[in-house]
Structure formats: C-alpha cells, structure tokens
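Student: Chain by chain, the residues:
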Amino acid sequence: MKSHVERLPIDSDAQVPGREPIRYQPSSRYGKGVQEKTFWKSFKKCSMKFGLYIAVLAICLYSFFPIYWMMISSVRPSQRLFLDSSLVFWPPDFSSYVSLFQQTNYIANFINSVLMAVGTIVVSIVLSAFVAYGATRLRFRGKTTLVASMLFAYMFPPLMLAIPMAAAFRSFGLTDTLWGLLIAHLAISLPLAVWLLWGFFKSMPFDLEEAAMVDGCSQFEAFIKVVLPLSAPGLITVAIFSFLLSWADYVFALILIMSDQRKTLPVALESLLGAHDLRWGEVLAGASLIALPLFLIFIFCYRYFVAGLSAGAVKG
Amino acid sequence: MARISLQNVSKSFGGDQGPWAVKDFCLEIEDGELIVFVGPSGCGKSTTLRMIAGLDETTSGTITIGGRDVTGLPPKDRNVAMVFQNYALYPQKSVYDNMAFGLRVRGEAKQEIDRRVRAAAVSLDLEFLLDRKPRQLSGGQMQRVALGRALVRDPDIFLLDEPLSNLDAKLRVKMREEIATLHARLGATMIFVTHDQVEAMTLGDRIVIMRDGLIQQAGKPLELYDRPANTFVAGFIGSPEMNLVDGQFFDTGGRLEVRAGDLSVGIPEKTFARSGQNVTLGIRPEHLVISNDSPLEMTVNLVEQIGAQTYLMGTLAGHRMRAVFERRDEIRAGDKLPIAFPSERLHLFDSASGASLRIAQRSGKIGAKENA
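Heads up: the protein sequence lines correspond to chains S and D, in order. Counting in my numbering, the first sequence runs from 2 upward without gaps. Counting in my numbering, the second sequence runs from 258 upward without gaps.
In case anyone wonders, no lab produced these hints; they're calculated from the structure. Misleading hints may appear alongside valid ones.
Computed cross-link-like contacts, DSS-like style, restricted to lysine-lysine with a CA-CA straight-line distance of at most 27 Å [stated by the list, open to error]: (1) S/K203 - D/K431; (2) S/K144 - S/K226; (3) S/K144 - S/K50; (4) D/K350 - S/K203; (5) D/K431 - D/K367; (6) S/K226 - S/K203; (7) S/K226 - D/K431; (8) D/K431 - D/K390; (9) D/K477 - D/K427; (10) S/K226 - D/K350; (11) D/K367 - D/K390; (12) D/K350 - D/K390; (13) D/K367 - D/K427; (14) D/K477 - S/K226; (15) D/K367 - D/K350.
Here are the simulated distance ranges between beta carbons [claimed, not checked]: (16) D/K367 - S/S260: 54 to 62 Å; (17) D/P331 - S/F131: 45 to 53 Å; (18) S/F131 - D/D411: 49 to 57 Å; (19) D/Q368 - S/C61: 54 to 62 Å.
Ideal Cβ placement from N, Cα and C applies to all residues, glycine included.
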C-alpha cells in the first residue's frame, strides 16, 4: 500500500503564475522526530495514569485495611488473636460473635440504635423539608444568614454541645432517656439536613410549583404533590447523612445515657472494655456488626452519598 | 372565556415606595381577544401576567376576570391556565398525567378527565405521546403538552408567558401558527407575553407595548406601526427599526420643515410642533424611495441581500440611515443613491419627551399617549 506521503503531488502549485511554488517538505505528521515525541507523550500519559491508580490503591488500602483487619480478626479464635497475623484466615470462627450475644444486651442495644437512627431520619426529613422549602420560597430578611447560622453547631466538638445538653435535659426530665438522645441527634442532623435540602430546593425551578398552583393546588399541595416527589434524591441524601450521624454517635450517647438497657451499640460496645478484662474478640465482632449496615447503605446508596457531599460543596 | 379588566394595577418588589416593576396599568381586554404584551426585558410584561395569574400579588389596583374581582384570590381560584416559558411540565409524570393533573386536583370524574385529555391530545397531535415522559419529548412537543395542559382545563383565560422563546426559529413560526389557529378555534381570551415584535404583530388582536413598567401604547398591530405614540414604540415596532433623526422644526411663512444639520425635510401639514422646537424626525427604512428628482443623496456603506429584499445601511447628509427596497442586485457598497422622504410617511416626535407630534393628515385623531 502506498503511503500518504508518496501520493502527495510535489510542486503541484508551481505552474500557477505569480505564486511561489510550494516545495515538498516531509509531512511532520509522519516525521521521525514527531514519532518519538508522540511516543514520549503517550508514555507520559500512561505513566501518569498508572501513578494515579497506584495512589488511589494506596489510599484505599490505607482506609480499608483497619476495617478489613477488624473483620478478619473478629472471626479468629480469641486465643489466636495476637498470635496469628495472617491476612486471610480460614475457616472463620464465630465464637466471638456467639460470646458477644451471650454476654451483652446486644439485641436491646441494637434496637435502641435502630430506634434512634429511624427517629433521626424521619424527624430530620420531615422538619428539614418544610424549613428548607420555606427558606427557599418565602421572602424574609436575613434568610441566608439564618440558614448559614444553622451550621454554627458544627464549629464545636460534640462534647461541648453534649455537656450543656445533659444539664438542660436534667431540668426537663430527659436525662437517661432515648427521647433526650433523639433530641441530641436531631440537634446535629437537622442543620445539615436543612443545609442539604436548601441547596436542593434552590436549584429546583419555581415554575413547577407555580404551574401546580395555576392547575388548582394551594402552595402546600404543590409542595406535597409536585416538589416532594421530585426531591426524592435530596431526601435520600438527608436520610443517609442522618443515619450516619445517629448510628455512629458515641459522644452524645456516652454523656446522656447511663443505664445499660438504653445504651446504643457504640456505647454498649465500650462497656466490654473493662479495666482488667479486654475482650478484643467480642469488641471486634461488635464493631463489625455496627459497620455492616453502613456498608450496605454505602453500596446501595453510593450515588446519593456522593451527590450529597457535592451538593454541600458547591451549592449555597 | 371572559372579559378582563385591570384598573391602576401596580407592583413594587420594594414596598409601597417603589421602585415600580409595573405602575398604574389600566387595560380592558375583551372576551375572546388575543392581547400581546411586548417590550424589552424588565419592562414588567411578565410581572403583569403573573399578577393576573395570581402568582404575584398586586401592590395596588384591581383585577377583575369575567366581572369577578380576583385581586386577592390565589391562582387556584381564578380559573386561569398558564403556559410557561420553560414549559414547566412535571418531569416525573407522563404526558397524560401532566395534562390530567389539573383536572384531578379539581376532583373531576375519571371518565371526564380521560375524555378531555384524549380530545386535547388529538387536537394537538399528541395522542401517540401520552405515555411518554417529558424528557423523551422534543421542544415543540413539550410546548404542545404545555398547551394541552392548559386546554383540558377549559379556563376563563389563557396566559402564555414567552411560550415560544425556547424553540428554534423554524419551530417558533410553526407553533405561532398553531397558537393562532387554536385561538381562532376556541375563541378564548388569551394574553401572550413576548419580547419578539414579529410574534406580537402576527398574533395579537391588540398589542400592549411596555417599558419600565408603563404602557407606552396599546392598539391594533398596524395602528402601532402606522401611528407610534413615541420614539420608543416607533423604534420597537418594525424591522429594521425606524430611522430617527434629531433636528429642529421651523415654520417659515407657511413652509414647514425639519432641519437636521445639512438635512432639510419638508413637512406637509400642521403638527403639534412649534417653530424652533427640537424634534425627532422618523421614517421607516421600507418607506424611503429612490427618486432621481430628489436632491438628497445616500452613500451606501453596507448591502445585505436577504432574498426578496435588499437592506442598505448608509449615510445621508451626515446621518446614519437604513433603507429597505425590493430586491436590487446592482447596488454595491460605495454607491450613491438619490433618496426621497415621502411626506405622508414621515413621523414627528418631541425630542425631549419622545412623544408623537403627529402629522395631522395621516391620523384620525392626534395624541396617543395611552398611559403617559
């Protein structure tokens, strides 16, 4: 097959009077120098990609290894926990799990955690949807400052909020109650939920609910029938973040809950670490069970999780 | 179908002290009329429409629809239908559900909803798209669904807020025709908001031209074209826009003329202008004529051939001037053309206020400041 270079007419314009003849020059596209340049360019591109993959892999390993170690250690027999440091253990031994269920109030603590998480999700979604919708659609002075100040609570470590809360709850008779803990969890989850939904509603065109109002809805009906069904991704994001905040909370539960029956999972797990008896096998089994719902949520709701993070990052 | 009356309707987003988005808007819209609100961005045309729909509250004034005072009523109680610029179709609902939504909210019987939706779908050529979601439709189809959603409700009035501005030029012309046909068939009262003067001229039984929240002129399309009330209307209606030349009016022993630098144009009959008054002389590009008898010469700077017509840009006695002629292939940039100003086509405005100092012979009555 003839090459493109050979087919090029040389001096094709030479006959045109008054025009400088165009001399043939080797096509730079096929020149040797350029070929080398292209090779280095693609090599550089490949190595950059490779480097990126290595970096991502390293970060993933760094993040996931402790979790993996927790899970693999939870299925090692207690007596071999500190003797065997192999990365893969087979067959798994579930004695730590059995012991955990036998020695602790795991089911009651699990129910407490679920109650707190579900309560936080439901109340956060309902209240934040109304507050955020009002903040985006109603006109009042200092609206933006008000919404921004809702995140004020995040400037302080949870412990700083938990101690005055414990004092306040004592006067209301909410000490050592799940209601008190729910209020504490809401204090953290609600501002974030309002912030997330505020960004979400702001980006939603007003025309849709106005169309619904012209169609015969009141503003409330337009919100319920048109805005809310369209806000499902935002509401799911709020649900995920509320769940994470409540499920993984340790500080509020530690300060506000005293009785074993009302403890949530993270605090109940802590009680296994006695002064003289460190039952690492059970602790790791319990920690793995706490992490399990988080894994499941992350796998199924990954899209909304990322959307929520980016919504918080760019909107507002 | 209903008559609409707007009495001194005003809107301010900053309280009673203004600034005013709409100020003292007075208009009577007859039953079955298609009124077009037209004007540049921010002139208050959409705000007025939204006040009629009930989506924006009036700061003052009264709105009545079919003799019923609706000023304080929410949109749902006004029995109006609205088509939005970006269609505002419910994305999660099918075409059928979009059209049926308004009827369901109002508690209509299922069979009646089905009958009305299918009838509207047939009339708008949507019967094969009823199961689709809005995202699966083209712009023109979405606009038809939006129209269908308004149609099924059998409202007193139709409000259309720049419904064609998101469509491409070809589709816009087609949809314009469809809206005109729909109006002719239904005989419904419609208010159409646009910033496109061609849409306004072709669709409207009457046009209301607005600027800075005030009505500049309201009237039939050709009335506005023939007898603009001020320089704004003169410039807004007509494409290319009217040539406007600032000069001075003189009455020297019965000879009336406007002098603007080297240009001197005779005015045929009495006007409201006083001798020595600063005036603006107006003539539409399509009304200029090439006449070998004329002493005025236009140097052509630019020639635009658009097919049936030839657009010229040039300089006449030091003034920039546009001219439109039937197709003239031989004209080139740099040519000098003898141009005449037909006296019956001239317009005269007060330079300070821009108001028309109408040349008497062409109008039935003088002074058309609708809302000054």
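Student: Each hint: holds or not?
Tutor: Hint check:
Taking the CA atoms of S/K203 and D/K431, the gap is about 34 Å. The hint is violated against a cut of 27 Å. Taking the CA atoms of S/K144 and S/K226, the gap is near 25 Å; set against the 27 Å cutoff, the hint holds. Distance hint between S/K144 and S/K50 is unfulfilled; the C-alpha atoms sit about 46 Å from each other, more than 27 Å. Taking the CA atoms of D/K350 and S/K203, the gap is about 21 Å. The hint holds against a cut of 27 Å.
Using a Cα cut-off of 27 Å, the hinted pair D/K431 and D/K367 is violated, with the two alpha carbons roughly 33 Å apart. Distance hint between S/K226 and S/K203 is fulfilled; the C-alpha atoms sit about 18 Å from each other, no more than 27 Å. Restraint check for S/K226 and D/K431: the C-alpha separation of about 34 Å exceeds 27 Å, so the hint is violated. For the proposed pair D/K431 and D/K390, the alpha carbon gap of about 23 Å is at most 27 Å, so the pair holds.
About 26 Å separates the Cα atoms of D/K477 and D/K427, which keeps this hinted pair within 27 Å; it holds. Between S/K226 and D/K350, the direct Cα distance comes to roughly 11 Å. Compliance with the 27 Å bound is thereby established for this hinted pair. Only pairs whose Cα atoms come within 27 Å are accepted, and D/K367 paired with D/K390 is accepted, the gap being roughly 21 Å. Annotation: proposed proximity of D/K350 to D/K390 holds, straight-line Cα distance about 6 Å (limit 27 Å).
With a CA separation close to 38 Å, the supplied pair D/K367 and D/K427 exceeds the 27 Å bound. Only pairs whose Cα atoms come within 27 Å are accepted, and D/K477 paired with S/K226 is rejected, the gap being roughly 42 Å. Distance hint between D/K367 and D/K350 is fulfilled; the C-alpha atoms sit about 17 Å from each other, no more than 27 Å. As the Cβ distance of D/K367 to S/S260 is approximately 56 Å, the hint placing it in 54 to 62 Å holds.
Range check, D/P331 to S/F131: about 19 Å between beta-carbon atoms, so the 45 to 53 Å window is missed. Under the hint 49 to 57 Å, the C-beta atoms of S/F131 and D/D411, about 34 Å apart, miss the expected range. Checked against the hint of 54 to 62 Å, the C-beta distance between D/Q368 and S/C61 comes to roughly 60 Å, which is consistent with it.
The structure fails hints 1, 3, 5, 7, 13, 14, 17, 18 (numbered hints given earlier, in ascending order).
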